Structure formats: C-alpha cells, structure tokens
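Chemist: Take these sequences, add in the hints, and give me the full structure.
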Amino acid sequence: EAGVTQSPTHLIKTRGQQATLRCSPISGHTSVYWYQQALGLGLQFLLWYDEGEERNRGNFPPRFSGRQFPNYSSELNVNALELEDSALYLCASSLAGGRTGELFFGEGSRLTVL
Amino acid sequence: QKEVEQDPGPLSVPEGAIVSLNCTYSNSAFQYFMWYRQYSRKGPELLMYTYSSGNKEDGRFTAQVDKSSKYISLFIRDSQPSDSATYLCAMSRVGSNYKLTFGKGTLLTVNP
Chain H
360 EAGVTQSPTH LIKTRGQQAT LRCSPISGHT SVYWYQQALG LGLQFLLWYD EGEERNRGNF
420 PPRFSGRQFP NYSSELNVNA LELEDSALYL CASSLAGGRT GELFFGEGSR LTVL
Chain X
60 QKEVEQDPGP LSVPEGAIVS LNCTYSNSAF QYFMWYRQYS RKGPELLMYT YSSGNKEDGR
120 FTAQVDKSSK YISLFIRDSQ PSDSATYLCA MSRVGSNYKL TFGKGTLLTV NP
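Listed in order, the protein sequences are those of chains H and X. Letter by letter, the first sequence follows residues 360 to 473 in my numbering. Letter by letter, the second sequence follows residues 60 to 171 in my numbering.
Restricting the straight-line Cα-Cα distance to at most 25 Å, the calculated cross-link-like pairs of lysine to any residue (SDA-like) are:
(1) X/K158 to H/G417
(2) X/K101 to H/N436
(3) X/K101 to H/V472
(4) X/K61 to X/S128
(5) X/K101 to H/A397
(6) X/K129 to X/K158
(7) X/K101 to H/F423
(8) X/K101 to H/R469
(9) X/K115 to H/F463
(10) X/K115 to H/R458
(11) X/K61 to H/N418
(12) X/K101 to H/F404
(13) X/K101 to X/S79
(14) X/K101 to H/L398
(15) X/K101 to H/G399
(16) X/K163 to H/N415
(17) X/K158 to H/F463
(18) X/K101 to H/T389
(19) X/K101 to H/L473
(20) X/K61 to X/K163
(21) X/K101 to H/P367
(22) X/K163 to H/E443
(23) X/K163 to H/R416
(24) X/K101 to H/L442
(25) X/K101 to H/G401
(26) X/K158 to X/Q123
(27) X/K126 to X/R96
(28) X/K115 to X/V72
(29) X/K129 to H/R458
(30) X/K101 to H/I385
(31) H/K372 to X/S99
(32) X/K126 to X/S79
FRET-style restraints, in silico, Cβ to Cβ:
(33) X/L70 to H/H369: 26 to 34 Å
(34) H/K372 to X/D137: 43 to 51 Å
(35) X/E62 to H/S445: 21 to 29 Å
(36) X/S99 to H/E461: 17 to 25 Å
(37) X/D125 to H/S366: 36 to 44 Å
(38) H/Q376 to X/P69: 31 to 39 Å
(39) X/D137 to H/Q377: 47 to 55 Å
(40) H/R458 to X/L70: 23 to 31 Å
These are calculated hints, taken from the structure and not from any lab test. Everything numeric in this text was worked out from a predicted model, so none of it was measured. The beta-carbon is built from N, C-alpha and C at its ideal position, and this holds for glycine as well.
Modeler: Laid out in structure tokens, this is it:
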C-alpha cells in the first residue's frame with residue numbers, strides 16, 4: 360500500500376514569490392495535516408483538512424493556506440514568501456476514527472527561500 | 060516555559076547499550092503520548108503510542124508515561140546501528156487529534 364506522497368521533493372523560491380506543495384494521503388484516509396519543520400523549531404502544526412474543509416489552523420499568518428480536493432489530496436500554498444519560511448513541510452494523513460495522534464507522515468517537501 | 064521540552068542531544072552510544080530518551084511537558088490536558096522516529100531526509104514514523112499513564116512495551120522499545128510528574132520516556136534495549144535517527148516525542152489532548160505538540164527531537168547515533 361502506498362504511503363503519503365508529497366511533491367515536489369525540493370523547491371527553491373525567492374522572497375515574495377508563491378510556493379505550492381502537494382500531498383496525496385494514504386488510500387482510505389480522509390484527514391490531511393500539514394506541519395512545518397523549521398531548523399531549531401521542531402514540528403509545528405499548520406493546517407488540518409477533513410472531508411474537503413479546513414477544520415483548524417495553527418499559529419501561522421493567513422498567507423499560509425491550502426485546500427483539500429474531493430479525492431482527499433491537498434495543496435499547501437504559501438504566498439509572499441519570506442526567508443524564515445525555509446523549512447521542511449510535512450504532510451500527514453489519518454484514518455477517520457483512528458487513534459488520536461496516529462498520523463502517517465510523508466517524506467516532506469523542502470522549501471528554500473532565497 | 061515551552062509546552063514540551065526535549066533534550067536535543069546529540070546522544071552517541073555503543074551498539075548494545077540501553078538508551079533512555081525523555082520529554083517533560085507542562086500542559087496537564089495532554090492524554091495521548093507518542094514517540095516518532097525520523098531518519099535523515101525522511102518523514103517521522105510512529106514508533107510507540109500510549110494513552111494516559113503507564114508503560115507499553117514493543118520488542119526492544121518501552122514507553123513510559125508519568126502524568127503526575129509530566130514526564131515521558133522511551134527506552135531502547137540492545138540498541139542497533141539501525142536505531143540511529145532523531146526521536147521525537149509528541150502529545151495530544153482529547154478531541155485534538157489534529158494537533159500534535161512535538162518536542163524538538165533527540166538525535167541518536169548508535170556506533171557499531
């Protein structure tokens with residue numbers, strides 16, 4: 360069974376540009392989560408999508424946004440990129456009714472902002 | 060005070076050693092406690108999962124939760140070079156399965 364897949368693996372942008380990251384959850388998983396793993400800061404919760412709706416967001420500015428498609432895949436958009444947005448962006452999925460906190464992570468998309 | 064504190068290490072041990080990894084936390088609402096393992100350039104994978112206080116054993120791994128002290132531990136027995144990775148503790152409140160609060164991770168190297 361395929362795990363969570365993310366694309367692109369690496370992305371290089373300059374300040375002020377926009378970045379779009381993509382995620383496909385494990386088949387049968389309806390919830391998708393986005394986390395940011397910045398150097399020295401650990402994993403920080405960004406966004407949670409379930410059944411096509413944004414259910415909750417972490418303490419990030421509105422220029423971080425996304426959506427979930429009918430096939431449960433998801434996009435994360437980061438507008439007006441800043442240098443401190445450089446990080447590994449991890450997508451995770453979970454089974455509806457699964458154990459609390461049991462997330463299955465992809466390998467991440469590394470965003471570098473120059 | 061950060062919600063979750065974890066010693067970043069790095070921790071270097073010889074093969075076969077017993078490894079102890081720890082996290083402390085401040086939010087008494089946390090009920091679910093997890094340990095994730097992250098190999099270099101990979102995403103985290105769930106290693107151990109515990110609800111509330113107590114111990115859980117899975118092969119060479121034992122997770123302990125002491126809610127009275129707000130302290131969780133992961134023990135690795137007979138450590139192997141393949142255990143070399145970053146270990147992340149994570150916790151969640153009831154009803155908040157969407158949001159895990161992670162420690163910063165401890166980098167472990169097991170030397171053959």
